[in-house]
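With the hints as your guide, set chain B onto chain A.
Read top to bottom, the protein sequences are chains A and B. No gaps in the numbering here: position 171 of the first sequence is 170 in numbering that gives the first Met the number 0, and each next residue is one more. No gaps in the numbering here: position 346 of the second sequence is 345 in numbering that gives the first Met the number 0, and each next residue is one more.
Because the hints were derived from the structure by calculation, they are not lab data.
A short, non-exhaustive set of chain A residues, derived as facing chain B with CB atoms under 8 Å:
hint, residue
1, Gln119
2, Phe215
3, Phe230
The model shown is predicted, which means the values in this text are computed figures rather than measured ones. C-beta atoms are modelled at their ideal positions from N, C-alpha and C, and glycine is treated no differently.
The chain contents come next:
Protein chains: 2
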Amino acid sequence: MSCPDSLLLTDLYQLTMLQAYLDHGMTGTAVFELYARRLPECRGFLLAAGLESALEFLENARFSAEEVAWLEASGRFNRRFLDYVADFRFRGEVRALPEGTAFFPDEPLLQVVAPLPEAQLVETRLINLLQYPTMVASKAARSVLAAPGKLLVEFGLRRAHGADAGLAAARAAYLAGFAGSSNVLAEQRYGIPAFGTMAHSFILAHRDEARAFADFALSLPRNVTFLIDTFDTEAAARKVVELAPGLKAQGVNIRSVRLDSGDLAGHARKVRRILDAGGLPDVGIFASGDLDEHALEELADAPIGGFGIGTRLATCADQPYLNCAYKLQEYAGRPKRKRSEGKATWPGRKQAYRRFAADGRMAGDTLTVEGDRQQGEPLLQRVMADGRRLAPSPPLEEIRAHAASQLAVLPEPLRRLEKGLEYPVTIAPALRRLAEEADALSTGSKP
Amino acid sequence: MSCPDSLLLTDLYQLTMLQAYLDHGMTGTAVFELYARRLPECRGFLLAAGLESALEFLENARFSAEEVAWLEASGRFNRRFLDYVADFRFRGEVRALPEGTAFFPDEPLLQVVAPLPEAQLVETRLINLLQYPTMVASKAARSVLAAPGKLLVEFGLRRAHGADAGLAAARAAYLAGFAGSSNVLAEQRYGIPAFGTMAHSFILAHRDEARAFADFALSLPRNVTFLIDTFDTEAAARKVVELAPGLKAQGVNIRSVRLDSGDLAGHARKVRRILDAGGLPDVGIFASGDLDEHALEELADAPIGGFGIGTRLATCADQPYLNCAYKLQEYAGRPKRKRSEGKATWPGRKQAYRRFAADGRMAGDTLTVEGDRQQGEPLLQRVMADGRRLAPSPPLEEIRAHAASQLAVLPEPLRRLEKGLEYPVTIAPALRRLAEEADALSTGSKP
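Okay, chain A solo, but in the shape it has when bound (with noise of 0.2 Å):
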């Protein structure tokens, strides 16, 4: 498939209004933010990421002299509008939390400075290049809090909606603490550390199980994992045994062995005593097969060292989408929110502030409106100003060690599974008074 990666990939109303806004002048500021309106049931935080997808595509956002002609052939758009789309380009601010960062609803993810035809027309694309990220770091770094000192790898590209989505998840979970991917191309693309075992179907070709897993080792000699649940987990935990004298003096180093069915903790433990009874203490157990963040807590005490996430995580099945929007603030100086039922939102440009207790955990947040300086750290920073990043990106290590230090200072009830106690986010008067402002100011609601 060649690939999607274009200005059209956008919902046609976004084009339709930016005819709109052209033909009547509406090119003054617009200030929209990017924000959670709630969190999951099954989350008690929200850790950042995306960003850099989303300001590479800020800063390449063109139409091409094609996608002009079919916009014109379309027959729905008039020349200001062609002309416009033909200059194109993303000139904008951008204020963002750093990727890593753990946030909560209501405060802005990202936030958009720019001409109103401008900060509209990106709005698709940005909620689709955050959100995803967003929802595998917040996951993935349960599996991390859930399983402290564990060997976490992403397992979930076959599975995962697409190429794109099969590649952010590795990077993501690789962000949130996970120490790979099974994704070889997150690799190339990313570094991140790419692991491997080997398929049922390897064994299940070979006309005897022992015989393909001598094969597998003298092949790739270095870190080898034998899957050893295609017939009987024990009995090929033995086969393992009885070969590993031979493959060892053949320079072999078996790693590990991997579990994909059945009771996994049940297993690992007679494997465990199988391989430690055949003089393999060395040789740890590594486990998959419909993981996540519960399963892990589970197996807990089992003697498994590692494991193979995949679907759950890459899928976010627990909850595959984050009640998120990318709303105006603020247009021409004016305060904007909406009051949709269910949907009413804080109006302005907004910074949040943290404060932290004194043994170094988050205690609270403030969200304000920008300027009304609180106690605490701020949260967003500027990263982007006429549409080019102010800096590069930090390299995806810095990122990883962020994240690590966020999970670090979580307050105690944010790090269990079940949900606890809510994250405090006090709304600051100004940012109050700036609502009622907003609502006087609309006269939407007075027809």
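Frame of chain A, contents of chain B only:
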């Protein structure tokens, strides 16, 4: 983001197994089949989709010189492997269910016959390309069945898991019977009609809601839909009534008003009365906001003519992954199956036959080995030989007509949203015999 369409978009073990296969001369003919192990709880049938992308992937699967150099530099692979991947192309044969075909667990969606290294290497991406569109088409079909005669539009791009997911969702929903999508690229790429309304931000950017309506209508007079829930839905409907005569005089065609929040049925009834009383009986009501097939069923009696269905469809929110597998069924002429706990499979090259009742409805399928002719129509068709498509892919409109004809002959219980009787898929005696033979041949179980 540069496009992730690369053969490195795979699991590392596909490459390490490839090296082992090559080293040990395991290049005999393999048969792999991709199928669903189980239906999701909330589905009575699946609708095949994604085949066109899968065949395009197979036809174009190559490693670039840069990728081969990267693989060499990784230090993991030997010369034999590197020479092989430098020249790699897929030369296998493919049988598949035509897109739009209804199918059931254990029935192959796709069958690959190729030298083992080729058939194995393409596993990850084939699942990735077929699973998601099939899930979306299967779910979209439920909305089509739940809301006969309504205009259904796919709105999910922003919350889809990436760019390619957004595009694939638009195509899969259209294929299943939706009228179109908000996704402009889907129109440019596939000819899928794009639909659009306006956003709350458009209303908010204006000082006055009525002014926003008029601005939009005069810029895009042909098929106007006003979003009326930003402040007070019924008040906004009355504004539309007031504006209508003036707009009509200026050539504006008001097609509908859109509701996006609150009690959709309640608002729709009130708005309908306002529009009718105001002389606008032809202005329709379009609704959106967290909709899925169950919401459509509940809204069946509301005066709503069309629906925008986004997030829940494009993320397959009720079941975001399919329990599916791509399994080795035969190698070098010998049938294969694994017997991992809970994951045992039917071996061999298979074909499914479908019987029909006197009223034309589907009456039951038989799954058997290739060549064992059964009553009914064979479902899998040969679509690729020597790595090339045997015929151009059918036009999307033809696929859509095929899907419609499949939905028309679904047994009545499968047309309802709640789970009814399971559709009967019989395993033929010849396939049962082959499974026994595969078990007898396998030495894996006899350590």
